[in-house]
Amino acid sequence: MNIIVVGCGKVGYTLVEQLNNEGHSVTLIDKNKAALERAVSKLDIMGIHGNGSSYRVQEEAGITNADLLIAVTNQDEVNLLSCLIAKQAGHCQTIARVRNPEYYEEISFIKEELKLAMAINPERSAAYDILRLIQIPSAMEVDTFARGRINLISFKIPEYSPLDGKRVMEVSGIMGNNSLICVVQRDGETIIPSGNTMLHSKDKISVIMPLSEISNFFERIKIANKPIRSVMVAGGGSISFYLAKGLIKSGVQVKIFETDRARCEVLSEELPEAVIINGNAVDESLLDEEGVRETDAFIALTNMDEENIMLSMYVDSVSNAKLITKINRLSFEEIINNMPVGSVICPKNITAEKIIKHVRSMQNSADSSDVESLYRLMDNKVEALEFNVKNCSENKNLVGKTLTELKLKSNLLVCSISRGDAIITPSGRDTIEIGDTVVVVTSNMKLSKISDILE
Amino acid sequence: MNYGIIRYIIGKVIEIEGLFMAIPVITSLIYKEWKGFAVYAICMILLFVIGAIVAAKEPEKKTFYAREGYVLAAMAWIVMSILGAIPFVATGEIPSVVDAVFEITSGFTTTGASILSDPSKLMRCNLLWRSFSHWIGGMGVLVFLLAMLPAGGGESLYIMRAESTGPSVGKIVPRIKQTSKILYGIYTGLTFILLILLIIGKMPVFDAICIAMGTAGTGGFGVLSDSMAGYGVYNQVVVTIFMLLFGANFGFYYLLIIRKAKDAFKMEEVRGYVAIYAVITVLITLNLWSSRGGNFFGQLQQAAFQTSSVMTTTGFATQDFDMWPVFSKVLMGVLMFIGACTGSTAGGIKVSRVIIYIKGIAKEIAEQVHPKRIKVICMDKKRISDETLRAVYIYLALYTSIMIISIIAVALDGYDWETTFSSVLATLNNIGPGFGKVGPTCNFSIFSPLSKAVLTLDMLAGRLELIPLFIFMMPDTWRRNS
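Those sequence lines, one after another, are chains A and B.
Reading the first sequence from the start, the letters are residues 1 to 455 in the working numbering.
Reading the second sequence from the start, the letters are residues 1 to 482 in the working numbering.
Accuracy of the hints is not assured; some may be wrong.
Unchecked claim - To give an idea of the chain A side of the interface with chain B (calculated C-beta under 7 angstroms), a few residues: (1) V78; (2) C264; (3) S268.
Read the hints as simulated data drawn from the structure, not as lab findings.
Even for Gly, the Cβ is constructed at its ideal location relative to N, Cα and C.
Same shape as in the complex, but just chain A (with noise of 0.2 angstroms):
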C-alpha cells in the first residue's frame, strides 16, 4: 500500500520503521529536515521536507495515489487539518493522532465530521495498559481480546513454583482447563511452546485465559494476586491524567508527584479525588514522606527515561510495591529487561500496534477475515492476533476441519476461540467456523487474515 506519514517524532519514526518492514512504501513529511534525513538514511523510505497539512505538500508526497495518511505530529491541530485536506486531495482513509484531552471528549464528533478512519490518543491507551496491569497486579503485560473477555496474561515464574520444573503438557491439571500457555521466553529466546516444552523458574509465560479465571488461576499456581489499592504516580503529564481517573473509579487511591505548580493546579481541580504532590519524584526524602514504602504499585511516568528506570529500580529496593516504568526513548531493551523495573510501557510501540493493526486490516477486502487486535509480546519477538473469520473463498480450506487435520505453519499456535458467548480453549479436536473470533499467537510476523495461518 502507499502510505504518507506526517510527522517523524518517536511515534512517527517508530511507525514508519514498522510500516516499511511490513513491505509498504512510505513517504514521510516533516518540517524537521534533520529527523527527515535521519529517518531516510536509515530506512528505505521516501522524505519530503515540508508542512504535511500544505495541499502542495501532500500532492507532492503523492496523495493521490495514497492508500492511506497517518498523521502524528505533535500538534492534534496539525494532524486534524493534515487528515481534512488529504480527504478532500485524494481518496485515502485518514489516520489522526489526537491526544489533547479537550479534543479527545468530543472525538466521535470530530472523527465522523472529518470523515477520520482512526483517531489515536497515544498517552490514553497508554494510560489503559497500565489500569489492565493494576487490575491484574501478578502480571507484566496483560493483552485483552474479544472485547475484554479473553486475557492473554505474561508474568515470571517465581522460584519453587508449581509450575517450574515440568513439562506444558503435564500442568494443565495445575492450571485448570481453561487456559493455555502461548508463548514462553527464557534467556532472551522466545519459543511458541508445544506439549513437550519445559517450563523453568524466571521464565516468562504468557497464558491465555478467560477473564473470569484469572484470580482462580493465580491461586492455583500458588502466585499472591493482592489487589492494588493505593497508587503513587511520579510525573503529571496526560498518561497520568488519563490513569488516575480510572484508577480514581475503581476506588483506587492516587498520589500524583508533579513538578510543575501550575500543572499541579490543573490536575487538583480535574482530579479532585487524588492526592497531588507538588515536587520532584526523584527526591528520596520526598517519596519517604509520601509513604512510598507503604505503596501497593508505583508507576514511573516522568518525560525522562532515565529518571523512570531510577526510579522504579530505588522504589523496587525500599518497598514490594508493584512497578511499571514508562520508557518512550531508549532502546537497550535487553538490558532494561534485566533491571527490577518491573512492566515496562512503552508509548509510541502501543500507538504503532494500534495503526499497524488498522493497516493489515485494510489490506484485506472487505469479504474476508479482519484483523481485530494485534499486540506484539516479548520485546516485539511474537504478535498475538485476533481475527473475525468471515465466509468467504479464502476460508473455505479452514472451516470446519478439527485443528489436527489442518496444516498450520511452524511457530504458530491457535489459542482461543470464540463463538456466540462460549469461550473455548482449543484442543486438536476443535474447529474453526464461520463466525468465530478466533486469536493466534506467532512469531511469524505479517499473519494479515486468517487463511495466513495455513501452510
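Fit chain B to the supplied structure of chain A, relying on the hints for placement.
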C-alpha cells in the same frame, strides 16, 4: 476618582427614588389619605427637582473603575435611605429622624427590623412605602438603574459587582443591561405569582401586596402587629415556599428558563442551601415535638416557616421563636450567620462562602499533612481563583470585626447579652428579629440613638457586603491623587 460620573449617577438615583414615590402617592389616593398624599406628592416633586439639578450636567469623562463602583454603591444607598426617611418624619408618624432613617434603611436593606410596636397604626401609604423599599432593595437600585440606563461601557460591571451579593459576581448574558433586565424579569415574575397565590388564599389585597414585596426582597416588614401569624395555614405555607425560592441563587432560575435544568440542579450552592434548610428544619421539628408534644405536622409547619424566614433573612414570624427550646434557638442563631444563596435577595454570610470555608479548611488540613500537596478548591467544577479565595477569607475577618465593634457599641445601652448580641446579628445579616428584647414579638425602639445609628450602618454594611461601605469611609479613597 471620577467625581463627575458619581454625581451624575447619584442624581439619577434620586430621580428614580422620586419615581418610586409615585406608588405611595397612588396608594394615598386610593385610601383617601390626604395628608399622606400631600407629603408624598411634595417629596416626589422635590426629589425630581433635586435629582435633575444634580444630574443636570453630563460628565465629560465616563470612565469608571472598581473604586468608583464601590463609592457609588455606598453613596447611593446612604442617599436613598436618608431621602426615603423624609415622608415618615413629614407625616409625623415616625417623628424622630434617627428612627425614620433606621426604619427606611431597614426597608431598603431588606432587614425588616422595625422601631414600631404596631405597624398597623401607620397610614396605608407609609406601610406600602416601607414594604416597597424591600422590593427595590432586594435586587438593588443600581441594578435597576443599569436595566434602565442606555447601555454603557463594560465598566458598569463594577457597579453591579459592588451592589450584588456573593464572592464572584458575573454576568449571565454578554450585555450587562440585558443581565439586569433578566434578573428584574425573574424577580418581578416570581413576585406576581406570589401575589396571585396570596390573593387566592383570601388575604386582603393591600396586605397581599405588602407581604409579596416583603417576601420577594426577603425583607420582612409585616402589616399586622403579629407579622404573619394571623393569615391562616395556606398563606403561611405559600410564604414559606416563596421565601425559600427568593433565597435561591437567581442564576438557578435563569438556567431553568433556558432549559438547562440539569445544570441548574447541579449548582453546588443551591444543593447546599436546600440540604442545610432540610436538616435544620427536621432537627427543630423533632426538638419542638419532643419538648412540646402536640401535632407533628403542626410543629413541622411552624418549624419550616421560621427556619425559612430566618435562613433567607426575611424575618417574618408565625410564632415567637424566642420562646423555643435552647437547642432550636441555637440552630436559628447558626442560620442567621449562614444566610441564603449569593445572587439572591437574601443577606448573611451566604451558603457559597460557607461551602468555600469548609472546602478551604479541608484544603488547609490536607496541605498540612502533605506539605508539598496542591489542592485547589472548586465550585460547580470550576476552580476558585486565589484572589476570590482571599477575598472570601478576608470577608469573614471583616465581618467578625464589624460585629465585635458593633456589639461593644450597642452594649453601652446595658441590655442583656442575648439582646445585645442578637440585635447586631439580626441587622448585620439583614434578618430583622433577633432574640430576647429584639425577638419576633418585640422591636428595636428600646435602643439609644447611638445604637440605632450603629445598627443602621450594620444594615447597610450587611446589604452591601461590607467592602463598599469601608471603601466609602476610608479617607484615602477621597484623595485626589490616590
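Hint by hint, here is what the structure shows:
Taken as an interface hint, A/V78 does not check out: its beta carbon lies about 29 angstroms from the nearest beta carbon of chain B, beyond 7 angstroms. A distance limit of 7 angstroms between C-beta atoms decides the matter here; for A/C264 the minimum to chain B is near 4 angstroms, and the interface restraint holds. Restraint check, A/S268 versus chain B: the minimum CB separation of about 4 angstroms is within 7 angstroms; hint holds.
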